[in-house]
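Please construct the entire structure, taking both the sequences and the accompanying hints into account.
Protein chains in written order, with the UniProt record's numbering: chain F, 1 to 391; chain L, 1 to 391; chain C, 1 to 391; chain X, 1 to 391.
Some hints here could point you the wrong way.
[What the hints assert, rightly or not] Chain X is faced by these chain C residues, among others (derived, beta-carbon under 8 Å):
#, residue
1, V274
2, M307
3, M309
[As the list claims (entries may be wrong)] Calculated Cβ distances over 12 Å to all of chain C for the following chain X residues:
#, residue
4, S2
5, G44
6, P79
7, V83
8, E88
9, V91
10, P101
11, E122
12, H124
13, A223
14, H314
15, G315
[As the list claims (entries may be wrong)] Derived list of chain X stretches under chain C, where covered just means 3 residues or more per stretch with a C-beta under 8 Å from a C-beta of chain C:
#, stretch
16, 35-43
17, 199-207
18, 293-304
19, 352-364
Source of the hints: derived by calculation from the structure; they are not laboratory data. Cβ atoms here follow ideal geometry from the backbone N, Cα and C, with glycine treated the same way.
4 protein chains.
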Amino acid sequence: MSTGVWLIGARGSVAVTALTGALALRNGLAGPTGCVTELPELAGAGLPALSDLVFGGYDVASVSLAKKAGALADAGVLPAALVRALEEELVAAEQEVHPLPVAGDQAGTAAMMAADLAGFRERHGLANVVVVNVATTEPAAAPHPAHADLAALEAGLAGGGQVLPPSSLAAYAAFQAGCPFVDFTPSTGARLPALDRLAARQAVPYAGHDGKTGETLVKSVLAPMFAMRHLRVRTWSGTNLLGGGDGANLAEPGPNAAKTASKQKVLRETLGYVPQGDTRIDYLEDAGDFKTAWDLVTFEGFLGRRMRMDFTWHGCDSALAAPLVLDLARLAAAAHRAGRSGALHELAFFFKDPLGPAPHGLADQWRLLCDFAAGLPEDGVGDGDGDGDTR
Amino acid sequence: MSTGVWLIGARGSVAVTALTGALALRNGLAGPTGCVTELPELAGAGLPALSDLVFGGYDVASVSLAKKAGALADAGVLPAALVRALEEELVAAEQEVHPLPVAGDQAGTAAMMAADLAGFRERHGLANVVVVNVATTEPAAAPHPAHADLAALEAGLAGGGQVLPPSSLAAYAAFQAGCPFVDFTPSTGARLPALDRLAARQAVPYAGHDGKTGETLVKSVLAPMFAMRHLRVRTWSGTNLLGGGDGANLAEPGPNAAKTASKQKVLRETLGYVPQGDTRIDYLEDAGDFKTAWDLVTFEGFLGRRMRMDFTWHGCDSALAAPLVLDLARLAAAAHRAGRSGALHELAFFFKDPLGPAPHGLADQWRLLCDFAAGLPEDGVGDGDGDGDTR
Amino acid sequence: MSTGVWLIGARGSVAVTALTGALALRNGLAGPTGCVTELPELAGAGLPALSDLVFGGYDVASVSLAKKAGALADAGVLPAALVRALEEELVAAEQEVHPLPVAGDQAGTAAMMAADLAGFRERHGLANVVVVNVATTEPAAAPHPAHADLAALEAGLAGGGQVLPPSSLAAYAAFQAGCPFVDFTPSTGARLPALDRLAARQAVPYAGHDGKTGETLVKSVLAPMFAMRHLRVRTWSGTNLLGGGDGANLAEPGPNAAKTASKQKVLRETLGYVPQGDTRIDYLEDAGDFKTAWDLVTFEGFLGRRMRMDFTWHGCDSALAAPLVLDLARLAAAAHRAGRSGALHELAFFFKDPLGPAPHGLADQWRLLCDFAAGLPEDGVGDGDGDGDTR
Amino acid sequence: MSTGVWLIGARGSVAVTALTGALALRNGLAGPTGCVTELPELAGAGLPALSDLVFGGYDVASVSLAKKAGALADAGVLPAALVRALEEELVAAEQEVHPLPVAGDQAGTAAMMAADLAGFRERHGLANVVVVNVATTEPAAAPHPAHADLAALEAGLAGGGQVLPPSSLAAYAAFQAGCPFVDFTPSTGARLPALDRLAARQAVPYAGHDGKTGETLVKSVLAPMFAMRHLRVRTWSGTNLLGGGDGANLAEPGPNAAKTASKQKVLRETLGYVPQGDTRIDYLEDAGDFKTAWDLVTFEGFLGRRMRMDFTWHGCDSALAAPLVLDLARLAAAAHRAGRSGALHELAFFFKDPLGPAPHGLADQWRLLCDFAAGLPEDGVGDGDGDGDTR
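As structure tokens, this is what we get:
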């Protein structure tokens, strides 16, 4: 049986890169570089095959997938020859990419979404469907009493209230439809107590927060290095220059604050203290999808001696994120089939701001991930049980 | 009972920084920043206290310890106030720093060394003595049949042959005297099959190779990061600019080759392949003890997309190395008392080119070190018999 | 005859470094590195000798000069041995450093300042006195009609109005006292039409704006390089991390805006267009007086090919600024004696945001400066005329 | 009348990029970014139009121009769409690209070359032909007595001797044919006293040495900046990582030494002293035509304070070099028509190691270039007689 991947933001750079890449891999046109789940340490786990993924999703934009892929090729994100070779398949993929449904109230919208997910699952005879949020980052949501309590949430929605930010409404709908949910952005998504409760009740797992693709990835190995060597980090200052839709959005104060808070957690968690310095995100339109980050670290060694290091990271965000989306869809699907529900803190490896009691150092996250994958049943696909998702 | 630390190269920058630092810590004039064995994860282990270390050693140079410490203060390695405060103790430490003994042949020299070590142990009533090589790096030694076989080695020495490079002769003498040996440099030292055999016979442990203090330390976390993310490193090029005695020496082709080979191993071991690119060491007299390293890494991500990062490391070599010398002395002493002999591959964390079947990624090395320390008997100190070779 | 240098902010880092340096040079304890006016191209000009400078000034702080110099030594700005050697002279210099005078209104304050300047000149028999503003940067001043017109300004002051920001009041007082004025900060200072008119009437010259010591200095050679090679700069993004009093102040939105605007002008003026990207100033307390700037430049070459460069500048701000303060005092004094009045656009070399119709590329500024110095009368000191300062 | 450009190394990356670019500009498919002679300061000069250049040349390789252009597009040097659009014209350009002639001795080879140049000039009715050496860098040539004296050289050649390195033989042939010669590489070329004499006799100008496209370009503005500010550069260390044919060749000790010597001259000439530190060129095959250079500069400021800066340059060598080849061809042709002969030191702006008594700072070189261009006769084109040596 195949596995569904439902992308919120399906016409965005990350989604189209992930989709194009999955098609390329299925057709033998590219290797699995960047796909963590294709490493030997994880490849043995009971994960759905890359070639068994079926894609669908929502987007508010209407650009065609093929055109978007072409634009990504022009921008240097995708190889032009690959996009040409896959044009037909990209056109075919349009079938399952839809505008976001809008009903009169959030309860109605969520019901439409859940129906879409069920329809997608049935049309393709899917073992299960993982919903992945790769839409534009929202501003931090205003607090609301219904966020903390599932009964209050359901009452609020039933009463016609607009109580959830869009990313959380998507998580709500996913859970209602019995689908695992992955928060690839810093938006609120499933990270509300009421939604955590709902996931438990529906016996679906979820993962998040905020895919770790560049500067924070590097931080998550360098900060532990300083800690392990008993070197005292005095300052850690970061500057991120990026363009593209993500950059434009993150230049807005709301999303920017959400993101930079997310990017600093790794220091507090791995060092045990917070060094001086801030992380900046500046919009640089011309940079497009290529982000340049510069970090300066000053530290103190033996007898107070001050030293320093800096690094520059020049990465293509969508190319770094896309394979992780595929990894997360596979892992969440397998966890679901294995009967896991609630927060998957074992997937901290992939996130800037991981859920639950999870380590922040990359090596510890890696070990946790490998142990998790090793514990998945080999024959997870096809005869899944213990998760009640009524196939 | 106290523990002895016998430094080969006792008047060099690393040794004098280690000595001054140990005196500062003992007198409450400085904190343990940079001392790995003072981290909570290791502090509980059965290690001799920093304040119980007694220092002695050899050097070919004759500059006084106080004068050398003053020069290190002028160069910004040591705090000037600290050096002034410890002047008297530095003068007192002269008592146990001696010229290298020279007999008519290597067997005679080794016997004089072993006698010096025994005398040092007895004069101070030491539980045991760890010999640490922090002398100038030698050129790679010419192969010799006696290196591979202990009987041949002993026969060769007995016959008056000059069969060992100086660092290996020091290891030989240490083992003969029942002393653990630590190779902090890339010189050959104990890393000969004949000496490994001797260490086993004498029931003494040894550790090495080549303290990992800067560029290679960073490599040992970044390279695993690329591997864990399935990103293909295409090139890794490094430039090291350093002055000081170490820099001048490493500018010589012989030692330079020894060192750069040592610095590249981490890539092959953690990535599983060797990317293009070289590591350079260039002498820059004016840099003194402050090394600047620049590394450029280019890598390939999803669908072949090329990306890059570079980092600059500006560290004070002696300040980075000195606390590790103290760590290694404590750990080797404790291992000795715990009955360990032969290569201590669990100390790979400290070395560029670790002995034996050891991991090269820093996080794995850290775990191995913590497990090792946790396994040391708590009451290791106090019931040692002075050389530990009669258990 | 000697020349007076009256520092607004005389107990600040820049002023104390300049004073200590001038004393060191006079006593043969240091060479003139960093002093532009000691280069062969300028040394022949009719400038007052460094040893003929007499220092005084104002400050709101009360820390002693010797104590401040000691703190600068601890921070690595000044050599400790130099500060010790000059302690007596630093104590003697206290004689002419005073609290800022405060009268009931600005007119009264200005009169007290002018009297202080006249008194300083007479007490020391000075040829003239140059007032240099090295005080903390002010927020951009609110516009006021009296700024544009000298009569309105004088009427406003006479009427008891608070019409000038502090830096401009200092310029006003200087001009009233017949003293040249140098704006070393981005504060408003003399840059008001009414003050320009006053300088002309009083026949005194003035110079400014905002000493160019680091990132902007580099920009002023790199931007012309791109222009001369017909390479199109697409983006230029800068991050400045600095601590110290200057850093703390520049972290305030008002002064920060004043400064970053000043730092970007060089691009528009030398490239002829404004590339994308911003210049940031972030406060990093721990950095103290040592500023780290990182700039990323992306550019387009032949047939649209994109390329990039970045640079990191790690400078000690006070050490870079202090010799320029001495240079400017000498040059402004000589210009005054040579009969120049009004804006000295020939000193653009020294400033981020130069006055008047001046080039922004460093090489053109250098040529202008050399020509200016060459035109100064050789025997400018002692028999100066044409400036009416009544010696 | 048109102007000929004869490229030695016509199938190499620089030549094919220059040719493709000239075709693109002529067809309005690209703008003149990177072409110095299209800047307003030079555009008014009496230069042949870009659209009036006719290309020919030699190469030992046999790859077709269109195929090479395609490879450059794949490597990211040329836009793929441009190469497709110009394919026909690239095929047409094959007509005038020939294998290097080889006779039994150097005199014969030179005669064949001179005949080729004359034939090219006649076939296309060219005003004159500029020979530009863009071939692979040679090792430094062994000294030979005939290099110093024209009569000895002619005697040596007449006697069948192999007295000139290939680049110098090309210059010899060019001069014999009455053609200006441009040395774009560090090879010996025209820089022999005997050839200088020959150029004077033949009344042809020549220019060189070694196109300045990246690291040295930056040095030529930064080093003067330090000098103008009286900052003492203590060390300047450079690392260049490059691939491509040029990189492979420069990894050979001979050419490498020639090139690094050339790259360091700018420091001695602009600073007046030689700081510590070396410039390295390392071959990194994977880098292809994209060179990354990293330079670290440490300097001393006021009162001995040490500071530092570093920069990273990531440029596409062929894209940087190609427009300069067009610039130099136009300038050399115009100089020829204006009656200039011998070394054109006014073109120092373009070279790492300029000929004759020329400044090394870029700004001074720029001024010299502008003055030179301004002095060219407006109507230089059209009344040339094909070699200009009879005015």
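Going through the hints against the structure:
The beta carbon of V274 of chain C comes no nearer than 17 Å to any beta carbon in chain X, farther than 8 Å, and the hint placing it at the interface is violated. For M307 of chain C, the shortest C-beta to C-beta distance to chain X is roughly 5 Å, which falls under 8 Å, so the interface hint holds. Below 8 Å, beta-carbon pairs count as interface contacts, and M309 of chain C has one with chain X at about 5 Å; its hint therefore holds. Under the 12 Å C-beta cut-off, the non-interface status given to S2 of chain X relative to chain C holds; the minimum distance is some 22 Å.
Against the 12 Å criterion, G44 of chain X stays outside the reach of chain C, whose nearest CB is about 15 Å from its own CB. For P79 of chain X, the condition that its CB be more than 12 Å from all CB atoms of chain C is violated, with the nearest at approximately 6 Å. For V83 of chain X, the requirement that its beta carbon stay farther than 12 Å from each beta carbon of chain C is not met, with the minimum near 10 Å. No beta-carbon of chain C is positioned within 12 Å of the beta-carbon of E88 of chain X; the least distance is around 18 Å.
With a minimum CB-CB distance of about 19 Å to chain C, V91 of chain X clears the 12 Å threshold, and the non-interface call stands. Non-interface call for P101 of chain X relative to chain C: holds, since the shortest CB-CB distance, roughly 31 Å, exceeds 12 Å. With 12 Å as the threshold on Cβ separation, the claim that E122 of chain X sits away from chain C holds: the shortest Cβ distance comes to roughly 31 Å. With a least beta-carbon separation of about 25 Å from chain C, H124 of chain X lies farther than 12 Å from that chain, consistent with its non-interface assignment.
For A223 of chain X, the requirement that its beta carbon stay farther than 12 Å from each beta carbon of chain C is not met, with the minimum near 10 Å. The Cβ of H314 of chain X does not lie farther than 12 Å from every Cβ of chain C; its closest approach is about 5 Å, which violates its non-interface assignment. For G315 of chain X, the shortest C-beta to C-beta distance to chain C comes to about 5 Å, within the 12 Å cut-off, and the non-interface label is violated. A stretch counts as covered by a chain when three or more of its residues have a beta carbon under 8 Å from one of that chain; for the stretch 35-43 of chain X and chain C the count is 4, and the coverage holds.
Three residues within the 8 Å Cβ limit are the bar, and the stretch 199-207 of chain X against chain C gives 0, so the coverage statement is violated. A count of 5 residues in the stretch 293-304 of chain X with a Cβ less than 8 Å from any Cβ of chain C is obtained; the coverage claim is therefore met, three being the minimum. Residue count for the stretch 352-364 of chain X with a Cβ under 8 Å from a Cβ of chain C: 4. That meets the three needed, and the coverage hint holds.
Of the numbered hints listed earlier, those contradicted by the structure are 1, 6, 7, 13, 14, 15, 17.
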